[in-house]
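Protein chains in written order, with my numbering: chain A, 14 to 148; chain B, 14 to 148.
Don't read these hints as lab results, they were simulated from the structure.
We put the beta carbon where it would ideally sit given N, CA and C, even for glycine.
Each hint should be verified, as a subset may be incorrect.
[As the list claims (entries may be wrong)] Okay, the calculated bits of chain A under chain B, using three or more residues with CB under 8 Å as the criterion:
| # | stretch |
| --- | --- |
| 1 | 25 to 36 |
| 2 | 40 to 52 |
| 3 | 123 to 135 |
Protein chains: 2
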Amino acid sequence: AQIALERDHEAQREIDTRYRLLMDFTNDSIALISVGSGLIVDINQSAALVLGRARSDLLGKSLADFFVGHSRDSLVSALEKPQQAGAPANFEVEVKASQRKLQLAGKMFRASGEQLAIIRLAEPGAGVVADERLS
Amino acid sequence: AQIALERDHEAQREIDTRYRLLMDFTNDSIALISVGSGLIVDINQSAALVLGRARSDLLGKSLADFFVGHSRDSLVSALEKPQQAGAPANFEVEVKASQRKLQLAGKMFRASGEQLAIIRLAEPGAGVVADERLS
Numbered sequence: 014a015q016i017a018l019e020r021d022h023e024a025q026r027e028i029d030t031r032y033r034l035l036m037d038f039t040n041d042s043i044a045l046i047s048v049g050s051g052l053i054v055d056i057n058q059s060a061a062l063v064l065g066r067a068r069s070d071l072l073g074k075s076l077a078d079f080f081v082g083h084s085r086d087s088l089v090s091a092l093e094k095p096q097q098a099g100a101p102a103n104f105e106v107e108v109k110a111s112q113r114k115l116q117l118a119g120k121m122f123r124a125s126g127e128q129l130a131i132i133r134l135a136e137p138g139a140g141v142v143a144d145e146r147l148s
Numbered sequence: 014a015q016i017a018l019e020r021d022h023e024a025q026r027e028i029d030t031r032y033r034l035l036m037d038f039t040n041d042s043i044a045l046i047s048v049g050s051g052l053i054v055d056i057n058q059s060a061a062l063v064l065g066r067a068r069s070d071l072l073g074k075s076l077a078d079f080f081v082g083h084s085r086d087s088l089v090s091a092l093e094k095p096q097q098a099g100a101p102a103n104f105e106v107e108v109k110a111s112q113r114k115l116q117l118a119g120k121m122f123r124a125s126g127e128q129l130a131i132i133r134l135a136e137p138g139a140g141v142v143a144d145e146r147l148s
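Full structure from sequences and hints, please.
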């Protein structure tokens, strides 16, 4: 049983490492929020740059607070409206600090009982270009 | 102890879910290979499309076999040459089946004792554009 437990721990650490690496390695700016609270549960370096803050300043903060005219409720309701079934929701926001416009694409999912949303922050129009890049 | 174990399992499933979601959600075409064997341990839908195969046909196959003039050894040695410290290695390959040229960017890492490489497959020049997109 001890050996099985250790194997479980190893497998967990490996997926954890893969997840971390992938967050850093992707060209996308990615944030994960808790849908219930609207708080940022994870965010990569690239997304922190886009918001103009250190990563450590962003964890546990409300993502909506960084955008003009948004609250947790309006952000979640925008995330709940995918344009097609299975496709991510897509909408534009303006960053308070920089007045910069961003295109947000997001998808909700359930992880160990809690609902999370994975959100990509991109230049307006960039998501379309990227999706068509390899087709 | 039972409760702690269950909590561990929940945490593991959550990271697992996040990793899966992120692989699907990213605009990047991503493959993970075992450095020792050169075999594909994971690959996302976007990368499978680029290689022109179903995902299930690619898992456990040698990534180098899909590229003209490459073996496990030449692929790993290309991955071992980052252009700057900390930066991913970058090199071009040609897909056998389609003669399509791809820019590979890759980084080695160690996960539970095994060395893996995370590799991004992009159009030649696309990585540069993507990196500059938000700067």
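Q: Test coverage of the stretch 25 to 36 of chain A by chain B using CB-CB distances below 8 Å; three residues minimum.
A: holds (count 11)
Q | Coverage of the stretch 40 to 52 of chain A by chain B (three or more Cβ within 8 Å) | A | holds (count 5)
Q | Claimed coverage, the stretch 123 to 135 of chain A by chain B - three or more beta carbons nearer than 8 Å | A | Coverage by chain B holds for the stretch 123 to 135 of chain A (9 residues, Cβ < 8 Å).
Violated hints are absent here; each numbered hint is respected by the structure.
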